[in-house]
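Asker: So the sequence lines, in the order shown, correspond to chains A and B.
According to the UniProt record's numbering, the first sequence is numbered sequentially starting from 1.
According to the UniProt record's numbering, the second sequence is numbered sequentially starting from 1.
Simulated from the structure, these hints should not be mistaken for lab results.
Some hints here could point you the wrong way.
Not close to chain A: a few residues of chain B, all C-beta gaps over 10 Å, as computed [said to hold, decoys possible]: (1) Arg-59; (2) Ile-114; (3) Gly-116; (4) Ala-124; (5) Ala-142; (6) Gly-149; (7) Glu-150; (8) Ala-151; (9) Ala-171; (10) Gly-185; (11) Thr-187; (12) His-190; (13) Arg-196.
Facing chain A, a subset of chain B residues (Cβ under 8 Å, in silico) [stated by the list, open to error]: (14) Leu-6; (15) Leu-10; (16) Leu-14; (17) Gly-19; (18) Gln-26; (19) Ala-42; (20) Leu-43; (21) Ala-49; (22) Gly-53; (23) Thr-87; (24) Ala-89.
Some chain B residues near chain A, calculated using beta-carbon distances under 10 Å [unchecked claim]: (25) Ser-24; (26) Ala-29; (27) Arg-37; (28) Glu-38; (29) Leu-41; (30) Ala-44; (31) Leu-47; (32) Gln-48; (33) Leu-63; (34) Glu-65.
It should be emphasised that the depicted structure is a prediction, and the values quoted were computed from it without experimental measurement.
Beta carbons are placed, not taken as given, at the ideal position from N, Cα and C, and that holds for glycine.
Protein chains: 2
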Amino acid sequence: MSFSPLIVRLMETLRCLPGVGPKSAQRMAMHLLERDREGALALAETLQAAMEGVGRCKRCRTLTETELCAICSSHTRDQRLLCVVETPADVLAIEQAGSYRGYYFVLMGHLSPIDGIGPNDIGAPELLRLLDEIEAEEVILATNPTVEGEATAHYLADQVRRRGLKVSRIAHGVPLGGELEYVDGGTLAHAFAGRREVTA
Amino acid sequence: MSFSPLIVRLMETLRCLPGVGPKSAQRMAMHLLERDREGALALAETLQAAMEGVGRCKRCRTLTETELCAICSSHTRDQRLLCVVETPADVLAIEQAGSYRGYYFVLMGHLSPIDGIGPNDIGAPELLRLLDEIEAEEVILATNPTVEGEATAHYLADQVRRRGLKVSRIAHGVPLGGELEYVDGGTLAHAFAGRREVTA
Ligand SMILES: [Zn+2]
Ligand SMILES: [Zn+2]
Chain A
1 MSFSPLIVRL METLRCLPGV GPKSAQRMAM HLLERDREGA LALAETLQAA
51 MEGVGRCKRC RTLTETELCA ICSSHTRDQR LLCVVETPAD VLAIEQAGSY
101 RGYYFVLMGH LSPIDGIGPN DIGAPELLRL LDEIEAEEVI LATNPTVEGE
151 ATAHYLADQV RRRGLKVSRI AHGVPLGGEL EYVDGGTLAH AFAGRREVTA
Chain B
1 MSFSPLIVRL METLRCLPGV GPKSAQRMAM HLLERDREGA LALAETLQAA
51 MEGVGRCKRC RTLTETELCA ICSSHTRDQR LLCVVETPAD VLAIEQAGSY
101 RGYYFVLMGH LSPIDGIGPN DIGAPELLRL LDEIEAEEVI LATNPTVEGE
151 ATAHYLADQV RRRGLKVSRI AHGVPLGGEL EYVDGGTLAH AFAGRREVTA
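Just chain A, same shape as in the assembly:
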């Protein structure tokens, strides 16, 4: 004996959400059915509107429901800088840090030959075309410090350098204010490999 078929289906579909296992799905379904049907209907409507309305910015490829995203539409950013990131969430994180004022290009992933994800899938041709169009002087590669992110940065660096543009990679290491003790081994190794001489 279990919940009725429609409730079981609701619990199963809730599991398409990342981090939602059977127990959370049951708790969510019960909560919505018992206490927040209005919220559930609003969620249903917004899910549908977002899946149908949200596409990609035709310039930077980030997720947006307009042809150009708010950043690409802005005329007050520094045209000399283009920062390449893996995801829209990376754009938000950099924007919230507040110090970068240039434009972005969002790969929506990284190179992963094992999964059949090549340069075309991460928009490499669009990135190169964009570089030909705009006035960028420097491309900042801010892909993740993972094996795939490094390989992607390496590939793009080659391509961009051939255009005669300056290419840089953001620094990786121990976070400011972070205690060495609590930093993971990979980050520490990276911080040592990337050490700089301290000059008087």
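Place chain B with the ligands on chain A using the hints.
Answerer: Frame of chain A; chain B with the ligands shown alone:
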């Protein structure tokens, strides 16, 4: 600068789900938009179907899309027993334990004078009417061992006893296989207060 308005609205509506804070909502929205639009549309459709289709069993008040739930429709259960629980999830937990074979009545809550929840809100009149209709000989009160659950059990016990029926309360204490060390203080106090003499 943040995500576009429709994406922000999606993240906000996802927060109607219990246990979903701003960070999880963002992760969920990005996951659905980047990698599982089909799952998101299925979820939208199921949410709507469930909110519109799921009502209450007209006999036991549990959540179901049929007039009578599967348990109330069954003719193989023990008619002499009626177990009163707070929620549909409690029914499932008891069914999964597998030893109880009677029927249920689901309060969909508990008495809570502070929140204005009285006997009518937990279906007390329907419970008494049901007892008059069926052949139940014993009502088992399985509300939670909380202040409100105990008060609810106490109130219902009075009402049911007046009908001349046997009333029982499920036992509460240290879980089987549980180690005393890891049991919370409230449960331990309950276990001591409910101690039974061991006879030779
Ligand atoms: Zn853009
Ligand atoms: Zn029922």
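Asker: If you test the structure against every hint from before, which numbers come out violated?
Answerer: none
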